[in-house]
Amino acid sequence: MEIEADSTTDENGASNKFECAVCLQLCVQPVQLPCRHVFCYLCVKGVTHQSKRCAMCRQEIPANYLDNPHLIAAHQPSIAFEGSYQWFYEGRNGWWQYDDRTSSEIEAAYKKGEPQCEVLIAGFLYVIDFQKNIQVRRCDPHRKRNIKRDLITIQKKGVAGIRCQPDIALSDAVQVNENGVNTDALRSLSDEDTCQNDTNDTPHDNES
211 MEIEADSTTD ENGASNKFEC AVCLQLCVQP VQLPCRHVFC YLCVKGVTHQ
261 SKRCAMCRQE IPANYLDNPH LIAAHQPSIA FEGSYQWFYE GRNGWWQYDD
311 RTSSEIEAAY KKGEPQCEVL IAGFLYVIDF QKNIQVRRCD PHRKRNIKRD
361 LITIQKKGVA GIRCQPDIAL SDAVQVNENG VNTDALRSLS DEDTCQNDTN
411 DTPHDNES
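When you read off a place in the sequence shown, starting at 1, and then add 210, the result is the number in our numbering.
Please keep in mind that the hints were generated in silico from the structure rather than gathered at the bench.
It cannot be assumed that every hint is accurate.
[To be verified] Computed list of lysine-lysine pairs in BS3-like fashion (alpha-carbon distance at most 25 Å, straight line):
#1 K342 <-> K321
#2 K342 <-> K358
#3 K354 <-> K342
#4 K366 <-> K342
#5 K354 <-> K366
#6 K322 <-> K342
#7 K354 <-> K322
#8 K321 <-> K366
#9 K262 <-> K321
#10 K354 <-> K321
#11 K322 <-> K358
The model shown is predicted, which means the values in this text are computed figures rather than measured ones.
Produce the entire structure from the sequences given, and follow the hints as far as they go.
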């Protein structure tokens with residue numbers, strides 16, 4: 211099937227990266243809409259809750275799309291920071307890992323010793339408070355979640371609302387480059403693993 215999005219190709223001509231027209235960055239958890247345009251999963255979630263139309267062609271997004279999004283690359287390795295750590299937010303009966311881009315922004319502020327930072331998630335601005343270990347939506351302070359920095363090997367529900375089953379398996383030792391980010395020593399899922407969406411537990415929902 212033709213995929214209508216800006217992408218790079220590997221030596222075999224296969225698409226491996228997509229640019230998101232919403233955040234204007236490389237897609238994180240890329241998903242394809244019925245109109246065949248590709249965006250970050252969280253960007254699509256934000257657009258779906260606001261305009262309910264594709265940001266490129268304005269075609270209506272089906273009401274149930276987020277229940278079963280078309281993931282372009284479901285099995286992407288997660289980065290790990292120095293010491294094999296990642297950032298997590300609390301959901302119903304467990305913890306979710308932030309997507310790699312958001313985690314990297316949080317980690318950068320944390321490493322600088324800043325008391326808090328702001329991140330944009332699914333079209334909403336959030337304050338990450340390192341002293342209280344919470345995430346708060348700036349325009350609605352009642353929407354908050356507990357957060358934590360923990361080993362990437364802990365049991366988790368999935369990544370940014372995309373539930374992974376079975377539980378994430380990791381390779382042997384985590385190796386970290388000079389920037390404190392692991393790029394190739396982890397695998398988030400085996401080839402047999404499957405991922406599905408959990409629309410009630412992405413970072414911008416205040417479910418617990």
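Hints and how they fare:
1. K342 <-> K321: holds, 16 Å
2. K342 <-> K358: holds, 10 Å
3. K354 <-> K342: holds, 11 Å
4. K366 <-> K342: Holds, at about 21 Å.
5. K354 <-> K366: holds, 19 Å
6. K322 <-> K342: Holds. K322 to K342 sits at ~17 Å (cutoff 25 Å).
7. K354 <-> K322: holds, 23 Å
8. K321 <-> K366: Distance ~23 Å between K321 and K366 Cα, so the pair holds.
9. K262 <-> K321: violated, 37 Å
10. K354 <-> K321: holds, 23 Å
11. K322 <-> K358: Answer holds: K322 to K358 is near 17 Å, not above 25 Å.
In the structure shown, a violation is registered for the earlier hint numbered 9 alone.
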